[in-house]
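Undergrad: Single-letter residue listing:
2 protein chains.
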Amino acid sequence: MRILLMATPVAPLGAGKTGGVTLHIKNAAAALASRGHHVTVMAPDGSVLPGVDLVTLPGTCQPSLASEAGEEFYPIPENSVLGAMWHAALARQSDHDAIINIAHDWLPYYLTDFFQTPVLHMVNMTDVNAPTTAEIARVSNRYEARIAVMTQAQAERLGGVKDPILVSFGLDLSVYEFNSDGQGGVAWAGRISPEKGLEDALAIARDLAEPLIVAGAVDDQTYWTRLTDEFGDSMDYRGFLATPDLQSLLGQARVVLQTQKWHEAFGIVTIEAMACGTPVVAYARGANQELVIDGVTGFLVTPGDKAAAAQAVSRIAGIDRAACRHAVAQRFSLPAYGENLQNWLDQALSGQRPKTA
Amino acid sequence: MRILLMATPVAPLGAGKTGGVTLHIKNAAAALASRGHHVTVMAPDGSVLPGVDLVTLPGTCQPSLASEAGEEFYPIPENSVLGAMWHAALARQSDHDAIINIAHDWLPYYLTDFFQTPVLHMVNMTDVNAPTTAEIARVSNRYEARIAVMTQAQAERLGGVKDPILVSFGLDLSVYEFNSDGQGGVAWAGRISPEKGLEDALAIARDLAEPLIVAGAVDDQTYWTRLTDEFGDSMDYRGFLATPDLQSLLGQARVVLQTQKWHEAFGIVTIEAMACGTPVVAYARGANQELVIDGVTGFLVTPGDKAAAAQAVSRIAGIDRAACRHAVAQRFSLPAYGENLQNWLDQALSGQRPKTA
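These protein sequences, in sequence, are chains A and B.
Every letter in the first sequence is one number past the one before it in the working numbering, and letter 32, counting from 1, is 71.
Every letter in the second sequence is one number past the one before it in the working numbering, and letter 274, counting from 1, is 313.
So that you can see chain A by itself, here it is in the shape it has in the complex (with noise of 0.2 Å):
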């Protein structure tokens, strides 16, 4: 098939800001071309994304909705490149034999009923937006098959929503080192913002009396120089890595932190974490749950409970390397994604007319 791929319109591909969206799309692509399929991406201009058929379109990009979480309205910018993103989708979607959305925004979802060739869409945020969020449901309940998850946890916080496809996300293992030995320090990898909680990982790290290896890029700024303040003695910094320089961090940790204060549709930095040997300890919410497997891959904690995180990083020595690069592989692989999202495009695209009208 002839699938479109629609970026997120927050920032261009490749930037610090979008590192997991941009990784979302690399390996959704590369799952799906491994299926046989012909990918295009569409993404702001700006975007990069080496070996992959891409378009790019000019505009304004969409704030944040991760960082406006709760907001009444779904915001609509000048010349909003989301919707110059979409225009092109209907100019050239008979070239298509589905598109897939990626963008968790609220013209997408409403969009869906413009289109002849079937809108599908990839949930990878829980309910930030009220707007977004019920537009989600109602495709849910007028298409048959067309939204996927990427987490149960997601779904459950997705309360409207009918019936969504489970389609996990999946790594190419072959960039990720399996790294046995991981005999260093405590790392945390993310975006910097409030919700990833980045503040609690400091606090636990300063209970061991030891520095947090931080990799990330700093989305809010008054937000990071409240952290440099408070913490900066005992920050070990290396800012946003590219994935190469990524997992060789997150392999030579012996443990990574998780401690986010929203509930993740998907923890990318989890199972990265894992396929370079490195056990997780993570509060037990969102997808972490999901993802962390308690006592074989990491440690789940009471969410917020800083003491019990510095104790079960205590007894990580507990968790064989091993079997946390081998959950990955079973799980999290490029294949495994590969014939999650081929199953979902099966229904998806059986299933296209309407329910009702």
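Check before you lean on any hint, since a few could be wrong.
Any copy, or any two copies together, can satisfy a pair, since identical chains are not distinguished.
[To be verified] Keeping only pairs whose Cα atoms sit at most 20 Å apart, straight-line, the calculated SDA-like set for lysine to any residue is:
#: 1; residue 1: LYS201; residue 2: GLU117
#: 2; residue 1: LYS201; residue 2: LEU93
#: 3; residue 1: LYS201; residue 2: ASN118
#: 4; residue 1: LYS300; residue 2: THR341
Honestly, the hints are just simulated from the structure, not real lab data.
Note that the structure is predicted; figures quoted are calculated from it, not measured.
Once you've looked at the hints, dock chain B against the given chain A.
TA: Same frame as chain A, now just chain B:
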């Protein structure tokens, strides 16, 4: 032709808040019907429009852009009635030869490209929301003659909008009784909201040592409280009046004041007053510059110059009331409106293909 008229999503038709838009829709439907077209109006649930084929949809109404002028984003609420209306329009587009949008909202302009049935847009505000203005400009550049404006002054405030068609509004003159006497007081009518500038009219009447007769729905409660605190004694407030009562009030007045702070796209109250024989003293800003013939149907004064306005009121006996009625009968009657609408439809439908693609 079978024409679908899309109303505003700000409030149900017939509510005080939408007095102007309700009249706009009602008269457009009547003018089109008089040309032999079958007209269906689509509007929010709760709308009332006797004698017209009306389809209503449930959902959340839009916040008023008029009161939120200058917002950086166009806001989409949860379960938007605007969204529901345009999904319904999509489902029934093959029942119509043309769709005419009278809502000043980003979404209908954006969706123009998604319809096989030509979508035409009657712009009835000026540059109150940057994303919407930019989208109007886009449609005007992509399609021939799809954008209509109500006055040249309005077109000038929509800078990037290319070659809009002038479609002046029209009144059913049988509803407005010519009052040759008009020896009453000084009146003001309109939606009570800061941009309408009621406080200037109140100050002018106070200068003249007479009460101001006021009719209109209170749209901004804080503003209203401020006005009643400052001008309560000199304000003779009659509430929101339907057209039969409003025209009687306007006809009895010896002059009607129009003191807007913003650039009105059109001045319905101005031509309603003149239709009853009552001259208008207006700030020379926006549409009133084209509706009031200075020295013939009233006086135009420098915007904000309340002393000049009071002075103009004192000279109002020099205006021939029959000339006011005559000016409306010539330029702003229902037959004239029907002819304007027909010319627009002819141009838009003959040039319905995109200019580019």
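Undergrad: For LYS300 vs THR341, is the C-alpha pair at or below 20 Å within one copy, between two copies, both, or neither?
TA: For LYS300 and THR341, the Cα distance is within 20 Å only inside one copy (12 Å; across copies 57 Å).
Undergrad: Given identical chains, is LYS201 near GLU117, meaning Cα to Cα at most 20 Å, within a copy, between copies, both, or neither?
TA: This pair counts as between: shortest inter-copy Cα distance 18 Å, intra-copy 33 Å.
Undergrad: Tell me, please, which holds for LYS201 and LEU93 at an alpha-carbon limit of 20 Å: within, between, both or neither?
TA: neither (32 Å within a copy, 32 Å between copies)
Undergrad: How do LYS201 and ASN118 come out at 20 Å by Cα distance, when the copy is not named: within, between, both, or neither?
TA: between (33 Å within a copy, 17 Å between copies)
In terms of the numbered hints stated before, the structure departs from hint 2 and from no other.
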